[in-house]
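**Student:** Residues per chain are reported as follows:
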Amino acid sequence: MIDILYFAWLRERIGIPREKWATEAATVADLIEELRGREERYALAFQDISALRVALDQELSEFDAPLDGVREVAFFPPMTGG
Amino acid sequence: MQTELFDPGTELTQFSEGLSGVGAVVSFSGIVRDDTGDLQALEIEHYPGMTERAIGKILAEATTRWALDRAMVIHRHGHLAPGEPIMMVATAAAHRAAAFEAADFLMDYLKSRAPFWKKEQRAGAAEWVAAQEHDEAALGRWKR
Chain A
1 MIDILYFAWL RERIGIPREK WATEAATVAD LIEELRGREE RYALAFQDIS
51 ALRVALDQEL SEFDAPLDGV REVAFFPPMT GG
Chain B
1001 MQTELFDPGT ELTQFSEGLS GVGAVVSFSG IVRDDTGDLQ ALEIEHYPGM
1051 TERAIGKILA EATTRWALDR AMVIHRHGHL APGEPIMMVA TAAAHRAAAF
1101 EAADFLMDYL KSRAPFWKKE QRAGAAEWVA AQEHDEAALG RWKR
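Just so you know, the sequences run in chain order A and B. Residue numbers for the first sequence follow my numbering, so the first one is 1 and each next one is one higher. Residue numbers for the second sequence follow my numbering, so the first one is 1001 and each next one is one higher.
All clues given are correct.
Label-pair restraints from in silico Cβ distances:
1) B:P1082 x A:T27: 34 to 44 Å
2) B:A1060 x A:E62: 14 to 24 Å
3) A:T23 x B:L1139: 27 to 37 Å
4) A:R36 x B:G1083: 40 to 50 Å
5) A:E62 x B:G1140: 14 to 24 Å
6) B:D1035 x A:G15: 23 to 33 Å
7) B:H1079 x A:R13: 13 to 23 Å
8) A:A43 x B:E1043: 21 to 31 Å
9) A:E34 x B:E1084: 40 to 50 Å
10) A:A43 x B:G1018: 49 to 59 Å
11) B:G1023 x A:R36: 49 to 59 Å
Which chain A residues face chain B? A few, computed with CB under 7 Å, are given here:
12) F7
13) A8
14) W9
15) A55
16) Q58
17) P78
18) M79
19) T80
20) G81
21) G82
Simulated crosslink set (DSSO-like; lysine-lysine; CA at most 30 Å straight-line):
22) B:K1057 x B:K1119
23) B:K1119 x A:K20
24) B:K1057 x A:K20
25) B:K1057 x B:K1143
Just so you know, these hints were derived from the structure itself, not from any lab. Here the structure is a predicted model, which means the values were calculated and not measured. By construction, the Cβ of each residue, glycine as well, lies at the ideal position given by its N, Cα and C atoms.
Can you build the whole structure from these sequences, using the hints too?
**Tutor:** Structural data, given as structure tokens:
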């Protein structure tokens, strides 16, 4: 089981801030494919991944990164701090 | 990281206390800006845990690149009113070039690499602030 976190408009579109999910996806891209297939709200939220960023165990990462050993995956739009 | 209002003047005074051998202190404060005159509030969401790690890394990188005596970042989250301070950075160094450059670097990285998301609340509508391409492009200045 991994923890999946959603922030900002992605959180609003999916309707929950976090969830536990059993997956055997090898990479972030595989996980996204899996999530898209769950329900329409996921398919819509993950429609354009160029508008999204991903962090693995709280470090910014890439969509082709492996999920091996990862406990926490977070998806969010580009950050707007400062 | 805090939700509470802070006073940039007080923070700057505290930051500058007891410095020795320092010739330059630079500070920057970001303020909730109301461009249209109808902004009710700014909501700032963040990623607890990652935020602290990301800011820690950005500060560590700044102190590696420039000879700083001190560096500080304050960033609020939660519900903010127009005109209130959002965040502040301060740097202290022997000479002004290092203090200015390090503060500029901290700001560029906090904008695009610290997990904060801003949402503007206006009468009857709330909208997420879109990331600006020039903010991302600004990071290119610091590549080496």
